[in-house]
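If you're matching them up, the sequences are chains A, B, C and D in order. All you need for this note's numbering is the position in the first sequence, starting with 1, plus 1. All you need for this note's numbering is the position in the second sequence, starting with 1, plus 1. All you need for this note's numbering is the position in the third sequence, starting with 1, plus 1. With the first letter of the fourth sequence counted as 1, position 243 gets the number 228 in this note's numbering; the numbers rise by one all the way through.
None of these hints come from the bench; they were simulated from the model. A portion of the hints provided could be inaccurate.
Derived coverage of chain D by chain B (criterion: at least 3 residues anywhere in the stretch with Cβ under 8 Å from a Cβ of chain B; other residues may be distant) [to be verified]:
1. 29 to 37
2. 138 to 150
3. 231 to 242
4. 254 to 265
5. 285 to 294
Think about it this way: if two alpha-carbon atoms lie no more than 30 Å apart in a straight line, the pair counts; the simulated BS3-like pairs of lysine-lysine are [claimed, not checked]:
6. C/K45 - C/K35
7. B/K198 - B/K247
8. C/K45 - C/K249
9. D/K(-5) - C/K394
10. D/K(-5) - C/K35
11. A/K247 - C/K45
12. D/K177 - C/K387
13. A/K247 - C/K126
14. C/K126 - A/K305
15. A/K247 - C/K399
16. D/K(-5) - C/K399
17. A/K352 - C/K442
18. C/K45 - C/K327
19. D/K(-5) - C/K387
20. D/K257 - C/K394
21. B/K183 - B/K244
22. B/K198 - B/K183
23. C/K35 - C/K399
24. D/K177 - C/K179
25. D/K257 - D/K177
26. D/K257 - A/K247
27. A/K247 - C/K394
28. A/K305 - C/K394
29. A/K247 - C/K179
30. A/K247 - C/K84
31. B/K93 - B/K38
32. D/K177 - C/K35
33. C/K394 - D/K177
34. C/K394 - C/K236
35. D/K177 - C/K399
36. C/K236 - D/K177
We treat Cβ as the ideally placed atom computed from N, Cα and C, and that holds for glycine.
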Amino acid sequence: MKRAHQPDPEELRNTMADKPMAQQAAQAVPSGGAVRRASLSVHIMRFRELGLLGFVVLLALLVQWRNPSFLTLENINDLLRNAAILSILALGMMLVIVTRGIDLSIGATLALSGMITALTVSANPGMHPMAALLLGTAIGLACGSLLGWFVARLGILPIIATLGMMNVFRGLTFTISGGKWVSAHQMPDSFTGIATGSILGINTLIFIAIVAYAVFHYFVNHTRTGRQIYAVGSNPEAAVISGIPKERLLWLVYAIMGALSGLCGVLWVAKFASAQGDTAMGYELTVIAACVLGGVSIAGGVGKVSGVLVGSLLIGMLNNALPLLNVSPFWQTAIQGGIILLAVLANVWVKRSVDRNHLLRRRI
Amino acid sequence: AACGGNNNSGNTGNSGASGTEGNSSGQAEAKDDTPKKHAIIFKNAGNPYGEKMIEGFREAMAELGHEVIAKAPDQPTAEAQIQIIEELIAQKVDSIAIAANDSDALEPALKKAMDRGIKVLSLDSAVNANSRLVHVNQADPERIGRTLIQAIHEMIGGEGQIAILSATSQATNQNIWIEWMKKELENPVYANIELVKVAYGDDLRDKSVSETEGLLKSYPDLKGIIAPTTVGIAAAGKVLTDKGLKGQVQLTGLGLPSEMAEYIESGVCQWMYLWNPIDVGYLAAYAADALVKGDITGAVGETFKAGRLGEKSIVRDGEDGTQIMLGDPFRFDQSNIAEWKNVY
Amino acid sequence: MLWEEREYERKRGIGMAEFVLELNGITKTFPGVKALDNVHFRLKPGEIHALMGENGAGKSTFIKIITGVYRPDEGDMLVNGRKVELKGPRHAAELGIAAIYQHVTCYPDLTVTENIFMGHERVEKGTRRLLWKEMHEEAQRLLDELGADFHSRMTMGALSVAQQQIVEIAKALSANAKIIIMDEPTAALTVRECEQLYAITERLRAGGASIIFISHRFEDMYRLADNVTVFRDGKYIGTWGVHDISNKDLIVAMVGREVTQLFPKKETQIGDEVLRVEGLGATGYFADINFSVRRGEIVGLTGLVGSGRSEVCQAIFGIGPRDRGKIYVEGREASIRRPADAMALGIGYLPEDRQKQGLILNWEIAGNITLPALRRLARMGWIRRKAEWSVAKMLAEKLGVKATGIFDLVGSLSGGNQQKVVVAKLLTSELKVLILDEPTKGVDVGAKSAIYEIIGELAAQGYGILLVSSEMPEVIGLSDRIVVMREGRITAILDRSEATQETILEAAMDDSTRETGASA
Amino acid sequence: MEPRVLSDRKAFDAKRFFLQWEWMLLLLLVAVNVMNAQISPYYLDFANLRDATMAFLDKAFIVLPMVLVIILADIDISVASTVALSSVVMADLYNRGVPMELAIVICLLTGTLCGLLNGWLIVRYRELSAVIVTLITMIVYRGIAYVILEDQAAGHFPEWFGFLGWGYVAGVPFILIVFVIFAVLFGLLLHKTTFGRHVYAIGNNPTASRFSGVPVDRVRMIVFTLTGFMAAVTALFLTSRMGSTRPNIANMYELEVIAMAVLGGISTAGGKGRMIGAILAVFLIGLLRYGLGLINVNAQTQLIIIGSLLIAAVAVSNLRRNKA
Ligand SMILES: Nc1ncnc2c1ncn2[C@@H]1O[C@H](COP(=O)(O)OP(=O)(O)OP(=O)(O)O)[C@@H](O)[C@H]1O
Ligand SMILES: Nc1ncnc2c1ncn2[C@@H]1O[C@H](COP(=O)(O)OP(=O)(O)OP(=O)(O)O)[C@@H](O)[C@H]1O
Ligand SMILES: [Mg+2]
Ligand SMILES: [Mg+2]
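I would like the entire structure built from these sequences, with the hints used as guidance.
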C-alpha cells in the first residue's frame, strides 16, 4: 500500500516475503489482546536504538580496555564537544531525509555562514557573541530558504538542488573571503568563547546541542507541524489529498536545515578559531552517515531523535577513539568503515531474528 | 601518436633520467622583451598562503612587464591541476610555475607542456625532477627538519616525549621534513627526547583537533608537539589554549603568522618558522622569466638576477634535480609577530 | 471568512436546506479525457446515496471534486444550499466533508492514531501541544466502536488493507463529518467485514450524516442505499429510488446495454491433474496445505481476509515464504524458487493488488502486457518491437481493453481496464495453471462479466484455474470445487454440489466470528 | 462486449517530441560552444578541442553505468573509492613485479568485485538501501586503498601504458574512441535489450516487476557489477593520465558523476531518462568547464556557474513540464 506509484527500492520489502513484524504480531494474537500486542510492537520499535546503543557501549568498553584514558571525564567531554556540531547537523538532516530528501549543501552553507560571521566579527570586535550566533543562523536560514524554495516550489529534486547550491555556496564563500582566512587573532575572545565557555557547568557547544535535541524532540513528537512532516515523508500523495501543506513543510524542513547549518558555521569557526573557504568540505556525507546509522530511513517517513543521537555519538566515538588506540593512520579509514558496516549489519541481523521469533510464535 | 611518460626507472620519488636538457628544445630563444604570458598554479583556491605566493609572482611580473595567469583548482587534487595544465597549454602560455598537489601525478601533463615549448618550474611543493626544469625551494628541507627538532629541544629543556602532527599521510613536503627530523634525532644530543608518534590531521580542522587531543591523552607526559603544517599547528595551538596547557606542552612548527599570532602572543607557542610566501612567488617569477628568456636552462651552476632578492644560483636537488633556494626559514616569535600578522 | 460562513449557516440553521450537497453542471477534463461532462448530483440530509457506473465512468473523479482535490472546469457546488468554491481539501474538511478514497491513502509509517487525527489533531489550548493521551484514547474508542481488532498505537503499515479501511472510517468519524463519501469501501472486504461496514454506515446515518457510497456490488446498494445515481462515460444518466428501478434496467443504465448471464459456466472437460501441493507450509503464515487443480477445472479458494490465501498462492508462485511441502506440476515435483521458475513450469499468478503488484502505471499498455514474456519476444536479448506490439495489440483487443491504442498509459485507464491488462499479461506466456487472486476486485458489472467470460473460456481451453475470491456468489458460481481456508489452514474442500453460502461460511469462520458475522 | 480496435501506431506528438529534455541539453551545448568560441580565441582550435575531451572523459566512463543505477532508483556513491582501490591495486602489483598486462586485468577484476560486493550487499540486505550500502563501502574501499599504499605513490608504468590516457589513433584521442564505443554499447543495452527494459521496469515498480518474473535481484547485481567494472576502466585511464597513483585519487568524483547523470535528465526517482541525455550532459559540463578555464575564470566563479546551471536547467525543464 505504501506509495503505490512511487518506484522505490523499499517497496520490495513490502512484498509478502518479509512483512513488517508488527503486522505479524497483530495476527499472532486473536482479537481482544490488542493492548498486549501494542506494547509488544512498541518494544520492538525501541529495540533499534537499544541495539545500536548496546553496540556503542560494547565499543566503548573495548576501547577503554585498550586505552584507559578513554572513559575519563575529560575525554568524554572532548568527545561530546567534538560530536556536538555533527549531532546538531544530523537533527536537521533527519528531517530532510524523513521527507525523502537529502541535503548535500550543508557543508557549504556552514562554511559560508562561518565565513561571513567571522568577517563581521573581525571587523566589529565588540559584537556580542549572541549577535554572531544570530547572524550565522540568519545566513544559514536564508540559504536554506532558497533551497527550500527550489525544492518545494520549483519541484527540483533535492539531490540536484542541493548539489547545485553546494557549488554555489562554496564558490560564494571563496569569493567573499577573497581567498583569505580569518584567524584566531582577528577574533575577539568573546567570540571564540562561544566554543570554550560553559553554561551551567556544561560546555557551551554541548549545551547548545542538548537544547537542540530537547527542542527537536518536542517539535517532532508534540507539535502538529512536526508530525505533518512525517506524514509528508510517509505518503506525499496522501498528504496532498488530505490538505497538508506539503510545499510549505518541505520549505520549512530545508529552512531548518539551513538555519542549523548556519548556527553550526558559527560554532565551527568559534571552536577552531579559524574560518576558511574549504571549511567542512565533504562533511555532509558524515552527517548523512550519522543519520543512517541512527536508523533514519532514506525512503522517508521514519527517523527518531534518539536514533540520530546515538548515530552521531557512534561516529563521534570512532573519531575520538581511533587516535587513542594508536591505530596506524593508514588503517583508520578502513576500520571506521568496517565498524559502521558491522553496526548496520548487526542491526539487520537482530531485526531479522526478532522477526523470525515472531513468526515462530504465531498460532496457525 | 605520441604518448607521455618516458619514465623507465623503478624507484619512487625523485628519480628518473635527465629531465632538463631534452626539453628545452626547438623554441626560438631570441632575447626579445615582448610581453610574455606566465602562468602560476597553486594547490587550491581560497588559501591565503597561496594568495600571497601569487601576489609575489604578480609583483615580480609587473616589474618585468609580463602578463600573469593565476589559477587554482577548487580542490587540492592532482586531477584538477592536470586539467588546468591542459587549459594553459591550449592558451600557449610561455611558462608554468606550479605548486603541486602530487609530485609524480603531474608528470605526463607537464611533459606534454614542455614538449610544446612551455617552460615548467615548480615552487613551494615540488614535482619530480622529470617534470620540471627547476624547483624554487622556499627553504631547505634538511634545514627545516633539523631546525624544528632543535627548537623543540630548546623549548622542552632537552628531555621528554614529543610528537609530530602532520598534514595528510602523503603530503610530500611534510614527509621529507619528518625524515630529516628523524635523522636529526639520531644525534646523541637528543638521547633523552623520545618521538612517540606521528599523527596525521589531514589538514582538516576537526581531524587535527581530534588527533591533538588523542596525543595529549595517550601520552600524558608529552612535552612537545611539532606541527609542520599551517592547519595542524593552528589546531594544536587552539587545543593547548583551550585545555590550559600553556607551558606544559610546547608547540612549534610551521605556521602562518596571521593564524598563529594569537598563540605566539599568548606564549602557547613560543616561536615557529615559516618563509615568506611572497618572496617564493617573487623568486619563481624571476626564474620563469629567466627560463623563457633563455638566461638559464635549469642546470646546476647557472645564475640569474631575481629583482630585489638579488643574484640567485641554481643548485643541486637530490640525485638529479635542480633547485633555487630562497633562504632559511624565518623565525617568528613575540618580538616580531605583531608586524607580520597583518601581512600574511 | 470561514468562520463567517459557518456563522451564517448557524443563523440560517443547518438542515434547512433541502440538500446538504448539490452539484450542478460539473465538467472536468484531463489531458485527452473528459472525465466528467456536465453531471448533476444531489444529496439529501440523512440519506445514503449510491453512486454507480462502469469503471472509468468518472465516479472517483467526481468525489475528488467534492473534496476539493480537483477543481472542476465548470459547474457549481452548493453545501447546505450555499454556493462554495473549494480552495482545497482542507477547506472541504472544514465544511464537514470527509472521504474514504478508493485507493487507501494512509501514512504507513505513522501510528493508527496519527492517521486518524492527521489534519485535525487535538492540541492543548495556548501551547498548541499535541494531546497524545487524549487522541490515543479517542482513537481506541472509535476503533472499538467499529469492532476493530487492533490497537491505536500500532503502525499503520502493519495493518491489512481491511484494517486500514477501518482506520479511514474512524478518521471520517473523528472529524465529525456531516457528509461522508466512501469510494468502493467494500472492494477489499469479505462478507463478515461488509456486514460490519453496513452496520457502521447505518449508525453514521443515524448520527445525522449523509453518505455517498460508491460500489460495484449490487448487494451493497440494496442493503444500504435510498437512492442511486448512475454515471456512464463521464455523463449523468439518472437518479432513481433504489427500489424504483429493476436490476436489469439499472445495469442497462450503467453499461448501456444488457448484460445477459453473469456466470457463464461452460461445460468443460476436466482432465488430468496439473497442479498439486502437498503439506505446504510457511512458518507463521500457513501450514498443511494440500489440494490439487486439474486441467479445465476451476478451483475456488476462499476464506476471510487474512486467512492466508494470497500467501499460499504466492508461495506456489515462488515469491513468498515457504519452508515445507512439495509442489507437483503435471505429476512431477517442481522446484520453484522465483517467479521465473513458476512461469517456466506453466504457472501464472494474477496478483491481488493490480496497482502495486500488477502494473507499471506510467508505462504504456503494450510494455506492461509484454513484460513477463520479454525474453521470448526477444532474439538474443534484443527486443523485437514489431513482435512485441503485435502480441500486445492482439491480447488487448481480445480482452476488450477500453483505450485508444496500445500506447496509452496504463495509469490513465480505469480500474477494470487496468485489470484486463493484468489478465493480458498472463496470457502472453504459455501457461497451464492460472492463479487468479481476486480478479474482479473493484471491477464494474460489465467488466466483471467480461472477466468471468474470460475465466470460463480459459478453463475451456484446458487451463487449470485457482480462483481466489472473497465474493461468495462468484466463488459458488464459477468453481468446480471450493477450498476454504481459515487462519492459515484448509478447513474444507467442497464439491460444487455441496457448496452453499452457509457451508462455506461455516468452514471459513471460527466460533467467535460466526456469532457476529454469520447473518449473511 | 463489443470488439474494440486498438491503434498500434505511436501518434507523433510534436509537442512532446520537442519538449524532450535532450533538446534542451543540445541547445545548451551549442550555446556553450558558441559562447566559448566567442570569448576565447583558443577554443576553436581543433587540437585544443580534441585534447579538451581527454581531460574530462575519464569520469564519463562511470556516468554510463550510473545512468542504469539511477534508473533503477538506486545510487552508487562508492564509485570514486572503487576507482582508487582498483588503481592502487594495479599500481602496487606492478611495482611488486607483476606484469602490467596482468595488473590491468586484476585492476578490472578488482573494480568488478567491488561492484559485485555492493550489489550483493544491496540484494542480500534489502532492509538497507543502495545509498546506505554504497556510503559505507565508499569509506571501506578508500580505506583499503590507504592500507595498501599508505603514504606512497606508485607508478613508473611501462611507456605504452601512457598511451591509454594520452595517445591518439588516427588523430583522435584513444580515450574518446573507447568512450564512444562504451557509450554506444550502453545505449543499446539500455534501450534495445530485455535487460534494459527490465532496468526501467524495476525502477518504475520493483514489486510489479518481481511479480512479472523479472529477475530483480539479478538485474540489480549486474548493474552494480557493471558500475564497478566501469569504475575500474576509469581507474585505468585516470592512472594512465597521472602516470602514478595514490590512495586519494579520484577524490569526490562520485558527486560529479551523479551531477552529470542527473543533468542528463536521469531522474533520481527512478524509471526515467535516456543514455543520450547523460552523454550530452558529460560534454556540456566538460566543455563548459574547459571554456571557462580557457578564459581563466577562477575556480570559485566556476563553481557558482556550474551550480547555477544545474539548478537553472532543471528548473526550466520543470516549469516547461508544468506548463505542458
Ligand atoms: N489524473 C488523471 N489524469 C488523466 N486521466 C484521469 C485521471 N484520473 C482519472 N482519469 C480518467 O478519468 C476517467 C474517470 O476515472 P475515474 O477514476 O473517476 O473512474 P471511476 O468511475 O472511479 O472508475 P472505477 O470504478 O474503476 O474506480 C477515466 O477515463 C480515467 O482514465
Ligand atoms: N497489502 C497488504 N499490506 C499489508 N498486509 C497485508 C496486505 N495484504 C494482506 N496483508 C496481510 O497478510 C495476511 C495474510 O493475508 P492474505 O492476503 O494472504 O489473505 P487473503 O486470505 O489472501 O486475503 P485477501 O484475499 O484479502 O488478500 C493478512 O492477515 C493481512 O493482514
Ligand atoms: Mg474509482
Ligand atoms: Mg489476498
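Status of each hint after checking the structure:
no.: 1; hint: 29 to 37; result: holds (count 4)
no.: 2; hint: 138 to 150; result: holds (count 11)
no.: 3; hint: 231 to 242; result: holds (count 7)
no.: 4; hint: 254 to 265; result: violated (count 0)
no.: 5; hint: 285 to 294; result: holds (count 3)
no.: 6; hint: C/K45 - C/K35; result: holds, 27 Å
no.: 7; hint: B/K198 - B/K247; result: holds, 21 Å
no.: 8; hint: C/K45 - C/K249; result: holds, 26 Å
no.: 9; hint: D/K(-5) - C/K394; result: holds, 12 Å
no.: 10; hint: D/K(-5) - C/K35; result: holds, 21 Å
no.: 11; hint: A/K247 - C/K45; result: violated, 34 Å
no.: 12; hint: D/K177 - C/K387; result: holds, 13 Å
no.: 13; hint: A/K247 - C/K126; result: holds, 25 Å
no.: 14; hint: C/K126 - A/K305; result: holds, 26 Å
no.: 15; hint: A/K247 - C/K399; result: violated, 43 Å
no.: 16; hint: D/K(-5) - C/K399; result: holds, 20 Å
no.: 17; hint: A/K352 - C/K442; result: violated, 34 Å
no.: 18; hint: C/K45 - C/K327; result: violated, 58 Å
no.: 19; hint: D/K(-5) - C/K387; result: holds, 12 Å
no.: 20; hint: D/K257 - C/K394; result: holds, 24 Å
no.: 21; hint: B/K183 - B/K244; result: holds, 28 Å
no.: 22; hint: B/K198 - B/K183; result: holds, 12 Å
no.: 23; hint: C/K35 - C/K399; result: holds, 25 Å
no.: 24; hint: D/K177 - C/K179; result: violated, 55 Å
no.: 25; hint: D/K257 - D/K177; result: holds, 15 Å
no.: 26; hint: D/K257 - A/K247; result: holds, 24 Å
no.: 27; hint: A/K247 - C/K394; result: violated, 41 Å
no.: 28; hint: A/K305 - C/K394; result: violated, 50 Å
no.: 29; hint: A/K247 - C/K179; result: holds, 26 Å
no.: 30; hint: A/K247 - C/K84; result: holds, 28 Å
no.: 31; hint: B/K93 - B/K38; result: holds, 8 Å
no.: 32; hint: D/K177 - C/K35; result: violated, 35 Å
no.: 33; hint: C/K394 - D/K177; result: holds, 20 Å
no.: 34; hint: C/K394 - C/K236; result: holds, 29 Å
no.: 35; hint: D/K177 - C/K399; result: holds, 27 Å
no.: 36; hint: C/K236 - D/K177; result: violated, 43 Å
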